[in-house]
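Chemist: Spelled out, the chains give:
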Amino acid sequence: MTKWIEQSGPDGDIIISSRIRLARNLQEYPFPVALTKGKSKEVIKKVGDVILEGNTVLKHDFLLQEMESQSALERQVLMEKHLISPNLMENHERSAVLLNKDESVSIMINEEDHIRIQCLLPGLQLTEAWDTADKLDDVLEESLHYAFDEQLGYLTSCPTNVGTGIRASVMVHLPALSMTGYINRVLQAANQIGLAVRGLYGEGTEFVGNVFQISNQITLGRSEEEIIANLKDVTRQIVQKERDARSTLLNSNRLGLEDKIYRSYGILSNARILTSQEFMTLLSDLRLGVDLAILENVKIEGLNQLMVMTQPGCLQKSAAKNLSAHERDVRRAAIVREKLGSKG
Amino acid sequence: MLCESCNKRNATVHVTKILNGNKTELHLCEQCAKQGEEMPFDASFTINNFLTGLLDSIQDSPIKVDYIKTTKCDHCGMTYGKFKQLGRLGCAQCYTAFQEKLIELIKRVQGNEVHSGKMPKRSGGVIRLKKEIKKLKVQLDEVIRKEEFEKAAVLRDKIRELESQIQDMN
Chain A
1 MTKWIEQSGP
11 DGDIIISSRI
21 RLARNLQEYP
31 FPVALTKGKS
41 KEVIKKVGDV
51 ILEGNTVLKH
61 DFLLQEMESQ
71 SALERQVLME
81 KHLISPNLME
91 NHERSAVLLN
101 KDESVSIMIN
111 EEDHIRIQCL
121 LPGLQLTEAW
131 DTADKLDDVL
141 EESLHYAFDE
151 QLGYLTSCPT
161 NVGTGIRASV
171 MVHLPALSMT
181 GYINRVLQAA
191 NQIGLAVRGL
201 YGEGTEFVGN
211 VFQISNQITL
221 GRSEEEIIAN
231 LKDVTRQIVQ
241 KERDARSTLL
251 NSNRLGLEDK
261 IYRSYGILSN
271 ARILTSQEFM
281 TLLSDLRLGV
291 DLAILENVKI
301 EGLNQLMVMT
311 QPGCLQKSAA
321 KNLSAHERDV
331 RRAAIVREKL
341 GSKG
Chain B
1 MLCESCNKRN
11 ATVHVTKILN
21 GNKTELHLCE
31 QCAKQGEEMP
41 FDASFTINNF
51 LTGLLDSIQD
61 SPIKVDYIKT
71 TKCDHCGMTY
81 GKFKQLGRLG
91 CAQCYTAFQE
101 KLIELIKRVQ
111 GNEVHSGKMP
121 KRSGGVIRLK
131 KEIKKLKVQL
141 DEVIRKEEFE
151 KAAVLRDKIR
161 ELESQIQDMN
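Chains A and B supply the protein sequences, listed in that same order.
Mapped onto UniProt numbering, the consecutive letters of the first sequence carry residue numbers 1 to 344.
Mapped onto UniProt numbering, the consecutive letters of the second sequence carry residue numbers 1 to 170.
No lab work stands behind these hints: they were computed from the structure.
Glycine included, each C-beta is placed from N, C-alpha and C at the ideal position.
Treat each hint with caution, since some may be false.
What the hints assert, rightly or not - What follows is a list of derived Cβ distance ranges for each label pair:
1. A:Thr-180 with B:Arg-128: 39 to 45 Å
2. A:Ile-193 with B:Lys-146: 50 to 56 Å
3. A:Pro-10 with B:Thr-12: 41 to 47 Å
4. A:Glu-327 with B:Asn-112: 50 to 56 Å
5. A:Thr-281 with B:Arg-128: 52 to 58 Å
Said to hold, decoys possible - Below are the DSS-like pairs computed for lysine-lysine, each with C-alpha atoms no more than 25 Å apart in a straight line:
6. B:Lys-146 with A:Lys-135
7. B:Lys-146 with B:Lys-134
8. B:Lys-146 with A:Lys-46
9. A:Lys-3 with A:Lys-232
Stated by the list, open to error - Covered stretches of chain B (in silico footprint by chain A; criterion: 3 or more residues with CB under 8 Å from a CB of chain A, positions within the stretch not fixed):
10. 9 to 16
11. 95 to 107
12. 110 to 120
13. 152 to 162
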């Protein structure tokens, strides 16, 4: 059960998920980039013990998984569900993750920093995610000595995270802004006011299926609340612009839009081979169709599930074997057909 | 123009090579350019490379080679040169070791140099107490100068109490 995938949240028609992550380091150890394997294990134990051996309710809610003891496929599945970062996966000999039961919180150990607290919730819930991350941070800090500087704040391995160590982000689906060609202007404007726009899987990933991640870039000199409020305000404006664009599309060319959506639905419910790229593009139309109540028998949560289930790692895990790219495309098509309830 | 290697895709990468005075030109598509050894094409362009690329452009005069070679964090052994290459610091003390260069970089990427957010409750508490003590000491000097010894005694006790609180916290 992964909360952001199984449930829909506030403004869930446009905002897929909200995420807060805090970067923290232990004062007495070198940062992960300069850490020996032995010391890495010490850090994992130290951080893990605070949660699992501490006197809080947390110990019943969290499970520690060392990346080394997971198969490459299991690690990839965690990454595809956004529960760990690509970086944690790569550093698997020295890293671990503490995951809670509804998978809304993951505490990554020995990522770029010793500790990365991540809280991931469906829809627009940045404040809720911050509250959770903030409280967990307090619990950890009670038993750990953080690297903190009076002037610079929380010290991180990369100076782009120093200060608050916070990265707040939202994953948004903006098909109408893309179709009407306004998307670049919106993204440029976001950039100009200090927000970064990335693809589905963060830094260095491409934009597919009209899904974008928007996050703060500056971490120093502003409080966490200011950073979150800024992102929230901008996100609300983008949501409004997307809604305007959707109603413009509906009013000016309802038939054309319906045609596009039903065609995509037709392909997805019948295709025998689906590449990831094609699937994501068509899924975007399907999602829009659900949001606009054009497709009434499909649910948003189901689509979030589908988006994750059809990633390469998840496909192979459910098949319980390694699949070639072509085999994955065939399996992807089969899963999509089944999920959309088509008998064909 | 078509790629000279695969003759299929458009050539978007143009390489001019001058070797022993002989000039050769190559026109390749991106895929072939990445595969070939014709050009040191670094596709792994990360935020870290980009960041440390800023380090030297900040300086009015180019950084002396000496600085790159000899400046080193005594705690973790990270050299300034290695930091430039990795884009990541080795430990908390690196911030002090490379302070001179880092502060400029931080100002540039963050537009700010003073933290104004959450503080850890424990060490944050010590920081607050230290500030308070500093303030009281200034007041103490003031009342001693005015020969108000009763007030001075009160302030002195207060300072001692805060100092013992810091002791307890450590």
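Chemist: Now tell me if each hint is right for this structure.
Modeler: Taking the hints in turn, this is what the structure says about them:
The hinted range of 39 to 45 Å is not satisfied by Thr-180 of chain A and Arg-128 of chain B, whose Cβ atoms lie roughly 52 Å apart. The hint said 50 to 56 Å for the Cβ distance between Ile-193 of chain A and Lys-146 of chain B, and at roughly 53 Å that hint holds. For Pro-10 of chain A and Thr-12 of chain B, the hinted distance range of 41 to 47 Å is satisfied, since their beta carbons lie about 44 Å from each other. Here the CB-CB span from Glu-327 of chain A to Asn-112 of chain B is close to 51 Å, well matched to the stated 50 to 56 Å.
Taking 52 to 58 Å as the suggested C-beta distance range, the pair Thr-281 of chain A and Arg-128 of chain B conforms, at roughly 54 Å. Between Lys-146 of chain B and Lys-135 of chain A the alpha-carbon distance is near 48 Å, which puts this suggested pair outside the 25 Å criterion. Straight-line distance between C-alpha atoms of Lys-146 of chain B and Lys-134 of chain B comes to about 19 Å, which keeps the hinted pair within the 25 Å bound. The suggested pairing of Lys-146 of chain B with Lys-46 of chain A is violated, with an alpha-carbon distance near 53 Å, which exceeds 25 Å.
Distance hint between Lys-3 of chain A and Lys-232 of chain A is fulfilled; the C-alpha atoms sit about 21 Å from each other, no more than 25 Å. Counting residues of the region 9 to 16 of chain B whose beta carbon lies closer than 8 Å to any beta carbon of chain A gives 0, which falls below the threshold of three, so the coverage claim is violated. Coverage of the region 95 to 107 of chain B by chain A holds. Counting CB-CB distances below 8 Å, 4 residues qualify, and the rule asks for three or more. Requiring three or more residues with a Cβ within less than 8 Å of a Cβ of chain A, the coverage given for the region 110 to 120 of chain B holds, as 11 such residues are present.
Counting residues of the region 152 to 162 of chain B whose CB lies closer than 8 Å to any CB of chain A gives 0, so the stated coverage by that chain is violated, three being the minimum.
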